[in-house]
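Undergrad: If you're matching them up, the sequences are chains A and B in order.
Mapping of the first sequence onto full-length UniProt numbering: position 269 corresponds to residue 269, and the numbering continues sequentially without gaps.
Mapping of the second sequence onto full-length UniProt numbering: position 175 corresponds to residue 175, and the numbering continues sequentially without gaps.
These are computed hints drawn from the structure, not numbers from a lab.
In this text the structure is predicted, and so the values were computed from the model without any measurement.
All C-beta atoms in this analysis are idealised placements derived from N, C-alpha and C, irrespective of residue type, glycine included.
Worth double-checking, as some hints may not be accurate.
With beta-carbon atoms standing in for the labels, derived distance ranges [said to hold, decoys possible]: (1) A:Lys243 - B:Leu127: 22 to 28 Å; (2) B:Gln170 - A:Lys43: 35 to 41 Å; (3) B:Ser43 - A:Ile3: 33 to 39 Å; (4) A:Ser4 - B:Tyr65: 27 to 33 Å; (5) A:Lys47 - B:Ala45: 53 to 59 Å; (6) A:Asp180 - B:Tyr65: 35 to 41 Å.
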Amino acid sequence: MTISFLEGSRAIAQTIANIQPDVVSAYPITPQTHIVEDLARFKAEKKADYEYLLAESEAAAASIVLGASAAGARVYTATSSQGLLLMLEVLYNAAGLRLPLVMTVANRAVGAPINIWNDHSDAMAMRDAGWVMLFAENHQEAVDLHVIAYRLAESTNLPVAVNVDGFILTHSHESVIIPDNKTIKKILPDYLPTDGAFLDTKNPTTIGGFFTSEHYWLERKQLDTDLKNALPLISKLYKQWKKILPTPSPVKAKFENGLLEYCGPSHPETLIIAMGSMAGTIKETIKDNKSVGLLKIRSFRPFPDIRQFTTSCKHIAVVEKAMSSGASGPLYAEVGSSLYNYKGVLSDNIVGLGGRDVSLQTIKHIIKSSGKAGIKFW
Amino acid sequence: MLQIRVHGRGGQGVVTTAELIAYAAFKDGYFAQAFPFFGVERSGAPITAFARIDKKTIITREQIYEPNYLIILDSTLINDDVCLKGITPNTKLIINSKDSPETISKLVKRKIKARNILTIPASEIALNYLERNIVNTVVLGAFARLSGTISMNSLKSAITEKLADKGSVQVKKNINAVNAAFKYEEIS
Chain A
1 MTISFLEGSR AIAQTIANIQ PDVVSAYPIT PQTHIVEDLA RFKAEKKADY
51 EYLLAESEAA AASIVLGASA AGARVYTATS SQGLLLMLEV LYNAAGLRLP
101 LVMTVANRAV GAPINIWNDH SDAMAMRDAG WVMLFAENHQ EAVDLHVIAY
151 RLAESTNLPV AVNVDGFILT HSHESVIIPD NKTIKKILPD YLPTDGAFLD
201 TKNPTTIGGF FTSEHYWLER KQLDTDLKNA LPLISKLYKQ WKKILPTPSP
251 VKAKFENGLL EYCGPSHPET LIIAMGSMAG TIKETIKDNK SVGLLKIRSF
301 RPFPDIRQFT TSCKHIAVVE KAMSSGASGP LYAEVGSSLY NYKGVLSDNI
351 VGLGGRDVSL QTIKHIIKSS GKAGIKFW
Chain B
1 MLQIRVHGRG GQGVVTTAEL IAYAAFKDGY FAQAFPFFGV ERSGAPITAF
51 ARIDKKTIIT REQIYEPNYL IILDSTLIND DVCLKGITPN TKLIINSKDS
101 PETISKLVKR KIKARNILTI PASEIALNYL ERNIVNTVVL GAFARLSGTI
151 SMNSLKSAIT EKLADKGSVQ VKKNINAVNA AFKYEEIS
């Protein structure tokens with residue numbers, strides 16, 4: 001497998017083309033645009049044989065892939081920001097109907113004020129929709145997570161969103177290994193939807209029937225149980241995939257299970273918890289620091305158990321690119337809930353809103369102030 | 001690690017400049033990274049792009065605050081605060097201008113020694129070879145000459161690939177422009 005030097009969007013688009021979905025539908029929105037433009041171009045150049053449908057809106061794009069998935073097709077869509085909000089009703093339905101959609105979210109701020117740059121506000125709007133939500137740190141992870149996403153979705157009948165930071169990953173160039181179709185097939189067999197679980201004229205069935213209060217809660221509870229049960233599978237698939245496509249890791253992680261990655265000293269005094277591309281900047285900041293570690297959350301939904309990493313540290317600084325107006329940030333809420341009996345100092349550091357740069361200096365300031373609890377904006 | 005910051009306006013090929021530097025460095029066996037920061041979405045708006053070159057994997061994604069090289073494609077931006085941010089005594093400035101380094105050194109409100117300034121009449125060379133005022137490939141020839149970091153072979157190969165869909169005539173014109181810029185710096 002050769003190392004390419006590609007734009008993040010191109011790396012994702014080539015991976016999707018090699019995964020060979022049956023139906024791709026999207027509506028272009030910055031910063032997702034390059035991904036879907038590339039997929040349209042591959043189709044136009046006859047390098048891919050999926051059906052490509054340019055939708056009239058994101059609500060339509062999501063509905064098209066939902067419908068195609070209900071008919072037993074492997075599907076793909078991608079969006080950002082306001083586009084994701086417009087999809088939202090359909091996203092809840094996709095999870096409730098247990099359809100294995102895969103979607104890239106090129107993470108971008110949500111208006112108003114209007115802003116095209118990166119943060120995680122869009123992703124957090126679909127937090128409770130019942131989707132698996134994975135976050136990539138770099139191009140290679142973005143590629144890997146898309147392959148894993150399809151296998152995971154098709155094994156569990158859960159839709160999966162792969163989050164990549166808009167511009168920071170979608171519009172940056174770096175080296176990456178794109179797996180070919182033969183390599184992908186080692187973990188992702190051809191998609192054969194389960195009999196009776198898709199719309200088939202030869203075998204008529206109903207998807208999305210009416211549930212009264214007697215049964216609705218049971219169906220919703222099942223979705224929650226299945227999401228939580230997906231944790232060990234995500235871990236297993238990640239490990240399996242990295243054996244198939246090993247790529248050099250620039251910073252040796254002390255712990256890696258696909259859901260979580262820990263870098264830093266064995267007993268950190270301060271633990272930073274973060275997601276997405278800023279994990280790289282944080283690793284660079286703390287590389288010579290003997291008292292600070294980074295716990296990177298790759299799977300936000302389902303949310304993994306983080307307790308084993310927090311026993312020795314005095315301070316925990318959650319660093320996140322989203323807020324929940326009127327309360328703490330969404331990641332902080334998860335961490336706080338997991339560590340309800342934690343005795344140290346827990347802080348929430350909201351950074352990078354609307355593309356505000358997360359610099360080494362920002363991280364240094366956060367570390368310095370980690371002895372003080374509370375919600376801080378940087 | 002070598003950090004390069006490129007400034008210019010929408011439509012001048014600022015993003016492509018950073019991308020080509022990084023791609024050429026990748027071809028020379030380095031680890032490289034390039035990324036843009038767009039201003040408002042309209043032609044003519046100031047745009048910044050960044051490139052990093054290193055012997056080991058680059059993991060940071062912060063913007064570049066203290067560039068080793070500052071490339072300015074539009075000389076009207078020279079005294080823009082964003083443009084001059086983080087200049088160190090060692091920062092080397094490459095600017096599209098007919099003026100001498102001494103003149104630029106006097107013009108710029110931040111202290112940059114004339115010996116750290118390289119001026120190139122990129123617009124003139126571009127109009128001559130490309131018949132359009134698109135200066136990014138021209139400036140790359142000057143960068144290759146001054147920095148010695150990226151080889152001309154890799155740069156030309158990167159340009160050939162990047163411009164492939166514009167046709168072989170455009171590729172050839174750009175290669176000629178790059179050669180002219182490289183030679184111009186060699187002579188001066």
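Undergrad: Check the structure against each numbered hint from earlier and tell me which ones fail, lowest number first.
TA: 1, 2 and 5
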